[in-house]
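Using the sequences and the hints given, assemble the complete structure.
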Amino acid sequence: MKTKKKLKVHSYFSNKPVLMTGNDAVGEAAIKSGCRFYAGYPITPQNELTAYMSRRMRDVGGVFIQAESELAAINMVFGASSTGTRAMTSSSSPGISLKQEGISYIAGCELPAVIVNAQRGGPGLGNIGPSQSDYFQATKGGGHGDYHLIVLAPTSVEEAFTFTVLGFDLADYYRNPVMILSDAIIGQMAEGIVFKKPRREYPKKKKAWALTGARGRPQNIIRSLYLGERVLEKHNLKLQEKYHLIEKKEVRFRQCVPENAGLLVVAYGSMYRLAKDIAAGLNNSRKRVGLFCPLTLWPFPYRALEKAAKGIKNILVVEMSYGQMLEDVRLALGKDVSISFFGRAGGEVPEGEEIIDYILKKKLL
Amino acid sequence: MNFTRPKYLRDRPTHYCPGCGHGVVHRVIAEVVEELGIRGKTVGIAPVGCAVLAYDYWDFDCSEAAHGRALAVATGIKRSRPDLAVFSYQGDGDLVAIGTAETIHAANRGENLTCIFINNAYNYHKPQRSNKVKKGSEKSFLKSDRQKRFFFGGSSFSVPYRVGA
Ligand SMILES: Cc1ncc(C[n+]2csc(CCOP(=O)(O)OP(=O)(O)O)c2C)c(N)n1
Ligand code: SF4
Numbered sequence: 001m002k003t004k005k006k007l008k009v010h011s012y013f014s015n016k017p018v019l020m021t022g023n024d025a026v027g028e029a030a031i032k033s034g035c036r037f038y039a040g041y042p043i044t045p046q047n048e049l050t051a052y053m054s055r056r057m058r059d060v061g062g063v064f065i066q067a068e069s070e071l072a073a074i075n076m077v078f079g080a081s082s083t084g085t086r087a088m089t090s091s092s093s094p095g096i097s098l099k100q101e102g103i104s105y106i107a108g109c110e111l112p113a114v115i116v117n118a119q120r121g122g123p124g125l126g127n128i129g130p131s132q133s134d135y136f137q138a139t140k141g142g143g144h145g146d147y148h149l150i151v152l153a154p155t156s157v158e159e160a161f162t163f164t165v166l167g168f169d170l171a172d173y174y175r176n177p178v179m180i181l182s183d184a185i186i187g188q189m190a191e192g193i194v195f196k197k198p199r200r201e202y203p204k205k206k207k208a209w210a211l212t213g214a215r216g217r218p219q220n221i222i223r224s225l226y227l228g229e230r231v232l233e234k235h236n237l238k239l240q241e242k243y244h245l246i247e248k249k250e251v252r253f254r255q256c257v258p259e260n261a262g263l264l265v266v267a268y269g270s271m272y273r274l275a276k277d278i279a280a281g282l283n284n285s286r287k288r289v290g291l292f293c294p295l296t297l298w299p300f301p302y303r304a305l306e307k308a309a310k311g312i313k314n315i316l317v318v319e320m321s322y323g324q325m326l327e328d329v330r331l332a333l334g335k336d337v338s339i340s341f342f343g344r345a346g347g348e349v350p351e352g353e354e355i356i357d358y359i360l361k362k363k364l365l
Numbered sequence: 001m002n003f004t005r006p007k008y009l010r011d012r013p014t015h016y017c018p019g020c021g022h023g024v025v026h027r028v029i030a031e032v033v034e035e036l037g038i039r040g041k042t043v044g045i046a047p048v049g050c051a052v053l054a055y056d057y058w059d060f061d062c063s064e065a066a067h068g069r070a071l072a073v074a075t076g077i078k079r080s081r082p083d084l085a086v087f088s089y090q091g092d093g094d095l096v097a098i099g100t101a102e103t104i105h106a107a108n109r110g111e112n113l114t115c116i117f118i119n120n121a122y123n124y125h126k127p128q129r130s131n132k133v134k135k136g137s138e139k140s141f142l143k144s145d146r147q148k149r150f151f152f153g154g155s156s157f158s159v160p161y162r163v164g165a
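Residue numbers (the working numbering), protein chains in the order written: chain L, 1 to 365; chain P, 1 to 165.
Any given hint could be a false lead.
As the list claims (entries may be wrong) - For lysine-lysine, the following DSSO-like pairs were computed, each having C-alpha atoms within a straight-line distance of at most 27 Å:
(1) L:Lys249 with L:Lys234
(2) L:Lys196 with L:Lys310
(3) L:Lys249 with L:Lys205
(4) P:Lys41 with L:Lys206
(5) L:Lys204 with P:Lys7
(6) L:Lys205 with P:Lys41
(7) P:Lys7 with L:Lys335
(8) L:Lys248 with L:Lys287
(9) L:Lys238 with L:Lys249
(10) L:Lys242 with L:Lys204
In short, the hints are calculated from the structure, not lab data.
Treat the numbers as computed from the prediction; the structure is a model and nothing was measured.
In structure tokens, the structure reads:
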């Protein structure tokens, strides 16, 4: 005889802070968002998330599969999502490379899905240190075809939680894959967080397109194959329309620009935390340091950055890469603005002091 | 006896070559879905290969899958909705060349799925051989003259209809 198991989904709100790693926070956010399918394959530095999902999915009666590869995992998510189930997979850089074909299919089929990349050092096997070297891959395509992921970059454990909740809503609302782009720092550091409700609510839409068995209705097909003259072009134009809408509605950023700012530091994710320290460290200078942090990497806040940088003499981009977001900053600000860059990669994290030295040596302030 | 089109096979021109076996298998599947009365809980997964458009012939819910990944997609569907009857339809290039890992692991996990295997070499990309063809065994493997001609490159472009996927 079947006994009904009592399922444990903790209530959404709680004022009690909990100590959690970023990876675990993503997992808890997924569970609280109603994600009931997770497939993944082990890779450092995101293993905690896979482990967390294996535990929590059992609590809530969801599905956890440790797949035979990242290829299988992303295609399992494709299948789960096609039934209307909220689904997630996670990995780190080399595994995310392997998922790219599947991600392109998910985008082409307009399926919602959340994909987490806790970035590590590359290229190749690289190492397991933190990195931001997958920015191009995340924001400029990664897989084949004209598509975009919505890319959210948390700067803290708390944001790892809220952005994942937001990610599931955005994915469903736009029928588009969403990437949570974190790194070994955000993923593995522990901070106190409060499970907050996201600020903006997205109306729940009925997933009439889902594969549920065509009882009493016409057949549904999940496909990205369109043959015949102009048929695929039409599908692409429909996608482009959606991407333009997202660019209009979903740009997110954070800025703190004092009136007499002489330098604007642009950084995202874990490097924003460093940028904050740098600004605090230079607080005694005659001129102040402003901060700009894109929270959506796609759509990138081009216009907001242009506005924030207006009248500021120097711009410094800090990344754990050799200048990937830098290209978008250049696009936003044009050729006439002097943009400096400080980047380290290969799993190395820049020190606050070395950046301050760089700022002073180059007389950026 | 009346020979009629099964209820869940669509009335539409075929893209398959004249004499191709895919149409027969499509028909049999449509008949089975009708006989079992399971249209309302059936999900089929079309492969990448000649049968990539299988969903255009069947009248029940279907999905595509990347080349070789049909059983991973099927796993995702079936585990999310265990009440559905889920099957994949795959060629040997799809199932046992590029998709060997997904095939073996779906079987190893004991997924409750049906996998229909169309073992016909890489007909889509003729005259290549798939991993199912043993050295020296091409002749016995390919039964009909049409297939032999096809496989050995005799008349690749005499095939009147082919899709590109
Ligand atoms: C990743 C990827 N590699 C290669 C292809 C090109 N491709 C399309 S169909 C096919 C072979 C299909 O052979 P099979 O599975 O035996 O099906 P058949 O056409 O014989 O029915 C290949 C290699 C592709 N679409 N995707
Ligand atoms: S190439 Fe072979 S499998 Fe493909 S449609 Fe023609 S006869 Fe059928």
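Here is what the structure says about each hint:
no.: 1; hint: L:Lys249 with L:Lys234; result: holds (23 Å)
no.: 2; hint: L:Lys196 with L:Lys310; result: violated (34 Å)
no.: 3; hint: L:Lys249 with L:Lys205; result: holds (18 Å)
no.: 4; hint: P:Lys41 with L:Lys206; result: holds (19 Å)
no.: 5; hint: L:Lys204 with P:Lys7; result: violated (35 Å)
no.: 6; hint: L:Lys205 with P:Lys41; result: holds (22 Å)
no.: 7; hint: P:Lys7 with L:Lys335; result: violated (65 Å)
no.: 8; hint: L:Lys248 with L:Lys287; result: violated (34 Å)
no.: 9; hint: L:Lys238 with L:Lys249; result: holds (17 Å)
no.: 10; hint: L:Lys242 with L:Lys204; result: holds (18 Å)
This entry does not satisfy hints 2, 5, 7, 8, going by the numbered hints stated previously.
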